[in-house]
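Enquirer: Each chain is listed here by its residues.
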Amino acid sequence: MSLLQVTDLRVNYGQIEALKGVSLHVKIGEIVAILGANGAGKTTLMRTLSGLLTPRSGTIMFEGTDITRLGADKIVRHGIAQSPEGRRVFGTLTVMENLRLGAFTRPANEIQESLDFVLDMFPRLRDRRSQLAGTMSGGEQQMLAIGRALMAKPRLLLLDEPSLGLAPIIFQGIFRTLREIADSGVTILIVEQNARSVLKLADRGYVLEVGRFVLEDTAKALLTSPEVQAAYLGGAEKKPH
Amino acid sequence: MGTFIQQMFNGLTVGGIYALIALGYTMVYGVMRLINFAHGDLCILGAFVGLTFITSFGGGGHLGAAMVIFAFVAAVLVVAAAGVLLELAAYRPLRKADRLAAVVSALGASMLIENGIMLVWSPQVSVFPSGLLPTTTYHIAGASISFVQVMIIAVSFVLMAALYLFVNHTRFGTAIRAAAIDQDAARLMGINVNRVIASVFVIGPALGAVGGLFVGIYYREVYFTMGWTYGLYAFIAAILGGIGNIPGAMIGGILLGLFNAFAAGYLSSSWQDAITFALLIGILLVRPTGILGERVAEKV
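Residue numbers (the UniProt record's numbering), protein chains in the order written: chain H, 1 to 241; chain R, 1 to 300.
Since no wrong hints were added, every one of them can be taken at face value.
Computed cross-link-like contacts, DSBU-like style, restricted to lysine-lysine with a CA-CA straight-line distance of at most 35 Å:
1) R:K96 <-> H:K74
2) H:K20 <-> R:K96
3) H:K153 <-> H:K20
4) H:K74 <-> H:K200
5) H:K27 <-> H:K74
6) H:K153 <-> R:K96
7) H:K153 <-> H:K220
8) H:K27 <-> H:K220
9) H:K153 <-> H:K27
Hints listed in this document are in silico derivations from the structure and should not be mistaken for laboratory results.
Let the sequences and hints guide you as you build the complete structure.
Expert: Put into structure tokens, the structure is as follows:
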């Protein structure tokens with residue numbers, strides 16, 4: 001069954017039509033990747049799914065409920081959380097305050113359980129719990145952004161470019177944790193420019209080009225597809241370090 | 001020694017009032033990046049509402065103190081409601097408009113409230129009745145400190161402490177701070193940012209109403225343009241502390257009050273404003289973002 005079903009989504013960003021009729025679905029337990037260059041509309045799609053942007057037309061169904069026109073604060077309550085592009089942690093708040101804000105929609109007696117879960121996934125955050133988020137490294141801030149989204153105990157986790165600005169060794173560690181998160185039962189929709197790493201992680205993928213999906217396939221097939229190879233993998237596969 | 005203690009208490013009294021009013025500027029700025037120019041007028045509206053309450057129901061005498069408490073409650077309720085209305089009518093429709101449009105709207109709202117007060121109440125100075133509160137004076141080392149001063153200092157410090165605890169140690173308080181840092185990220189947490197904005201338009205004017213009524217009770221008179229005067233002082237206090245920073249507004253208000261009092265007490269009361277502002281300019285030259293202010297990043 002589809003957890004998320006997006007049909008013919010059109011979204012304007014200012015005067016520009018950033019998404020020109022996008023359809024996709026995500027099944028329970030999947031990791032689905034969306035690849036695309038800068039300006040393809042990846043972030044617009046994520047912001048629309050979270051309710052920060054309102055589509056001009058099309059529908060977004062989540063667990064059979066129409067959430068197309070719900071505000072962002074309502075969508076979190078339906079079970080979709082996002083780690084946004086550029087991380088957007090609350091820099092002058094502590095790590096702990098950031099995590100607790102992630103659980104803003106949750107009853108107080110359930111927060112500790114999620115906190116334990118997140119701190120087990122990202123033990124680094126445990127050491128930094130009383131540090132101001134803005135003083136941490138990029139990798140640690142990314143862990144916090146993902147951990148903060150998990151605090152909402154989402155059934156669908158949206159990740160917008162978690163590798164952005166991070167050294168390969170750092171984001172490879174984060175990608176390993178994403179695998180663990182998925183194995184714990186969270187469905188993941190992830191937008192990435194780092195095509196190789198994300199396709200190794202994902203089950204399926206879509207390729208977005210100027211507001212339209214041009215390819216959709218299993219991650220394995222996309223990894224070997226000539227179009228993807230040429231456009232996103234920089235030709236022949238490089239040796240990972 | 002007597003002069004020092006005297007001026008310290010005078011300064012803390014006025015500083016407490018400035019701080020209460022400054023908090024409204026700083027909280028609204030923090031969440032919306034908007035200077036609510038109508039805030040000072042809202043605060044003085046509180047003084048007029050309180051005065052009306054006292055003169056229409058108050059018999060003075062032993063009922064005075066209870067009447068004053070009710071007057072505060074009435075002022076807080078009316079002004080908080082006016083604050084919410086102001087946000088809905090003057091600012092919410094302009095949320096996505098050019099920033100300058102909201103500033104013009106704020107100035108318009110200020111004039112509207114100021115002239116509204118003049119029409120409803122009086123274009124003349126209105127006097128607070130005497131004998132409302134105990135006239136006890138405390139003598140400490142040659143200084144005379146009135147009951148009203150002690151009350152203003154105590155109440156303003158208690159309110160500031162309560163606000164500090166609320167903002168830093170409650171779930172909704174943390175949500176306010178989060179929305180002040182990044183509204184979209186706050187929405188992604190499930191925070192209803194409209195509700196946060198409405199809340200700062202309740203809390204700020206409510207504290208300001210207490211400050212405004214203190215002005216009336218302390219000087220025993222109010223005048224419809226006083227919102228502009230006290231608003232300006234409190235706004236400067238907010239800038240001095242670092243606009244957008246809540247403890248900054250408290251510190252800025254108290255410091256401004258103390259500067260004012262010591263300048264008047266030790267130098268010259270006719271030069272007190274000039275001396276105060278010279279000091280302020282000095283501080284802002286060294287710390288342009290205010291005492292506790294950080295670099296305010298432009299919102300993208």
